[in-house]
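**Q** Spelled out, the chains give:
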Amino acid sequence: MQFHLNGEVRLVASALLGAAVLVSPVHAEDIVLKMWTLDNSGYKEFIAEAAEAFKATHPNVTIEHQIFPGDPYKTALKVALVGSDGPDVFFNWSGDRAKQLVKDKLALDITDFGNAPGGFAKVLPEGWLDAFRYDGRLYGVAADAVSKYVFYDKAYFAEHKFEIPKTLGELGNLCKAIRKIDPNTVPMPLGNKTRWKAIHWMTMLNERAMGVAGTAADYDLSRPADQLYTDPGYAKAFQALVDLQDAGCFEDAPNATEYAIADSMFATKASPMEYCGTWCTSGLDAAGFTDYGFFRLPLMDGGKGSFDANFLVPEGYQVSAKSAHPKEAVEWLSFLVSDEQGLKFAEKVQFLPSNAKLVDKAQGVPASFKDIARDVGTLKQGVNVLDALLESTVADAYMNATVEVLNRTLTPDQAVGKIREAALAAQAKK
Amino acid sequence: MAPSLTSTLGDTGKRPVLNAGNISASAMMAPALILVGVFILIPAAVAVIGSFFDFGMTSATWTFVGGANYRRAVTDPLFWLAISNNIFIVIGSVVSQVGGGAILAAILDRGIRRGSVVYRTIIFMPVVISSIAVAFVWMLILDPNVGPLNAIVKTLGLSPPRLGWLGDPAISLWMLLLIAAWQNVGFQMMLILAGLQAIPKEHYEAASLDGARGLKAFWYITLPGIRNVLVLATLITVIGGFKVFDLVFVTTGGGPANATQVLGTYTYTQAFSFGNMGYANAMAVVLLVTAALLGWLQVRLSRRA
Amino acid sequence: MTLRARSVAIGLHAFVSLWTLFVLVPVFVMVISAFKSQAELFTRPLALPRQFSFAAFERAWGIGISGFLVNSLLVTALSVLFIVIASSLAAYVLARSDKPVMRWVYVAIVAGFAVPLQSVMVPLYQLVSSAGLLNSRLAIALPYAAYGIPFTTMLFYTFFLEFPRELEEAARLDGCGRIEVFFRIVLPLSGPVIASAAIFQAVFNWNEFILALLMLTKTDVRTLPVGIYGLTGQYSADWPALMAGLAIATVPLIVIFLLAQRHFVRSLAGLGK
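Residue numbers (this note's numbering), protein chains in the order written: chain A, 78 to 507; chain L, 384 to 688; chain S, 320 to 592.
What the hints contain is simulated information worked out from the structure, not anything from laboratory work.
Computed from the model, here is a short list of chain A residues facing chain L with C-beta under 7 Å:
(1) Thr334
(2) Ser469
(3) Val480
We treat Cβ as the ideally placed atom computed from N, Cα and C, and that holds for glycine.
Assemble the whole structure, with the sequences as input and the hints as a guide.
**A** Laid out in structure tokens, this is it:
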């Protein structure tokens with residue numbers, strides 16, 4: 078699997094430098110590493126068991142693991158890293174958030190430690206290392222990635238003889254057919270109250286309209302100001318969302334619906350489809366729903382997108398620049414992405430691990446998990462999610478514009494205008 | 384420490400009892416002053432200073448920019464939207480919470496004998512529930528797909544708002560007002576009720592002999608009797624309306640698309656989502672000044688009483 | 320009773336009953352939802368649960384609600400104690416002094432009432448963190464106390480203004496110092512205002528969210544609001560368990576309120592003076 082195809086020159090000199098850092102003898106002093114992560118189900122057990130196993134090589138290192146809910150985590154982490162009692166190692170999404178910490182010198186450059194014998198940089202594929210690579214240096218370890226698929230109720234599709242749609246137009250027709258059967262059935266609930274559900278749609282619709290290459294220079298604000306976000310593809314992507322809404326795909330009030338309620342509508346079979354993340358499988362499992370299939374978001378008629386590209390957001394760990402034990406911290410992170418721990422991670426957390434060498438041996442995971450892992454393995458291009466990738470004010474403008482497009486208070490063209498405005502302001506500040 | 388006898392004896396009329404023993408006075412003030420100073424005033428001062436700089440939440444360097452953050456606020460339409468939303472909430476809350484509380488208190492004081500304790504107890508109950516809990520429960524109730532409110536409205540043969548109770552920019556602010564009223568009316572009712580019950584019955588009897596009943600008695604006896612209570616209730620509501628944060632943060636997050644953004648949430652967004660700490664501080668200072676003026680007003684009004 | 324008076328009475332009853340019902344429904348929804356399954360919650364919003372299942376309560380309890388309860392009790396009790404002592408002392412001095420500087424001191428303290436926590440969050444956090452006071456239930460009671468003092472000082476101040484000075488003067492003539500007068504004469508007679516201050520600050524601090532979220536990051540020191548917020552995960556939420564957690568957090572306060580309600584009402588009379 079690869080994240081980026083661009084043949085940018087890799088700095089391999091760091092590997093040579095890394096050799097200078099020798100494995101030092103085991104210290105007698107007791108070391109406590111504070112680790113902060115989200116509270117995804119299974120995370121706690123995974124870290125606890127891994128910390129025990131880590132003791133075999135590092136008997137003096139104790140891992141103190143704290144978990145947080147998603148939205149407050151973003152604030153709590155930033156505040157804590159500035160303060161004096163922050164974590165040594167912490168979870169982060171790749172993208173603008175990680176970049177900001179690098180820029181503010183709060184995330185440690187771990188290139189040298191990572192290239193030491195047994196270091197993560199020797200284990201993970203280059204594509205995964207790119208997730209936290211800035212100016213050729215490594216500032217984090219990718220642990221896993223989440224992807225998105227259209228999940229569908231197999232029994233419902235079989236009963237009504239529905240086929241998997243090949244294009245967005247066909248998807249719209251499918252929604253119309255479902256509404257014909259029962260106008261009260263929401264074909265694929267959106268649940269955009271917290272704004273990230275629809276931005277996930279826009280992430281892929283932009284790819285389907287313009288391809289990854291067509292958007293990259295807008296996303297990182299490197300395009301000249303007079304051309305920034307001027308590709309008509311952006312409006313086309315919004316129009317595709319509006320067309321799906323007109324086809325009756327979504328619920329009436331997508332911006333007032335909680336994502337959790339949208340998820341539950343599919344899990345309880347009230348809705349036959351949902352555009353959902355790979356993280357949704359464990360929830361469906363818990364709800365006792367197993368007879369579902371999944372497919373990649375269909376292509377756009379006349380779009381420049383590729384079916385080999387799909388939503389793929391790497392997540393991982395970074396080390397605080399203030400950590401008193403950076404070497405042990407990186408050794409711990411390298412341990413977490415080792416072959417066996419990658420397998421354990423897949424089993425416990427049911428996310429796609431960055432080290433997937435043994436993932437086929439995973440026990441006790443739903444069948445769909447392995448199917449998805451296999452499908453992700455065939456992707457040629459990962460598409461990173463807009464709200465993590467874009468500069469924060471542009472991301473905010475994008476989310477609000479999407480809300481307004483769904484509310485019909487902005488046309489696609491007006492929405493792109495607002496985004497361009499935010500992008501220009503952000504570019505000027507750079 | 385013994386106070387000087389002469390000074391104590393020298394006190395006449397309204398002169399204060401204490402005017403000696405400053406050390407003891409300072410010692411008595413110390414805990415409150417230290418706590419307020421360290422945890423409120425110093426951080427607030429840092430915020431004021433920070434409002435003249437440009438810096439990120441995680442950045443080490445502060446760049447002095449003078450009044451640029453304030454100029455930016457003046458030209459930022461979202462800042463004015465947030466202010467106008469705050470004012471909407473302040474006015475709406477005074478009407479719904481102080482007004483509603485006064486009506487309920489008046490009814491429970493004089494209009495209803497039986498069951499008034501039960502009513503009073505239930506109406507006050509939401510005050511003790513955390514706004515996090517309140518927000519989550521209301522989010523479920525107002526959900527457009529599975530929420531009980533939509534179900535009820537549909538059963539009545541009406542159609543609920545197409546964009547949802549919290550998703551329609553024209554409705555969501557009213558919903559916040561409703562939730563705030565649900566939670567706070569009981570507090571204002573109790574406050575005013577206590578004020579009403581403190582008015583001696585003899586006043587009404589005397590007035591009744593003079594021919595003042597009903598509205599007249601209300602105007603000449605009840606209102607002056609609860610004047611201070613009403614001032615306090617209004618001030619608590621006004622300041623609360625400017626400070627509102629938890630409820631908006633959890634229920635709408637300032638959305639849809641900034642429609643319910645208030646100073647508290649917009650400051651938070653600028654600080655923690657965009658990392659514009661200087662600008663966030665400037666807006667915090669605007670809030671501080673507003674609040675300080677209201678505090679001053681309270682001093683004036685209570686001194687006169 | 321005349322017909323008109325009777326219809327007015329019915330109208331008043333109807334108004335109060337309607338508001339009472341309006342207050343009860345959300346509480347009812349919260350409790351009922353906690354007994355439903357996720358599917359039932361979403362497919363039959365108006366119906367009663369088919370069977371009363373305590374599973375959601377068990378899940379909510381499983382994330383350590385009992386520990387959160389103890390933490391909340393500890394933090395609340397401690398902060399209320401600080402607030403009452405500090406505010407009453409300061410308010411007494413302020414109410415008994417007519418020095419111009421005291422008016423400014425009063426304004427400085429009362430202005431604190433209006434400082435929104437979220438606007439001073441970062442400096443406040445840095446202060447607490449550099450003092451090494453993070454993740455301490457004892458330490459978070461200090462800022463909580465600070466934010467309770469302005470309002471409580473206002474309360475005590477208005478109360479002490481009306482406190483009969485003759486009693487104090489008599490004690491002073493008997494040779495009592497200021498602090499003695501305060502603790503022996505004034506405080507024992509301030510029961511109602513202390514009760515009302517304590518009750519309101521207890522409610523505020525029991526429910527405080529943002530500061531607790533930032534300062535109590537370890538699971539074993541978290542208070543209820545933060546703990547409950549943790550019931551909503553990164554990508555999915557367990558609504559029945561969330562509602563069960565809310566119910567567990569809410570019921571103790573409602574019970575305390577019901578038991579102490581007489582004091583509530585009596586003490587409120589002192590508040591508006």
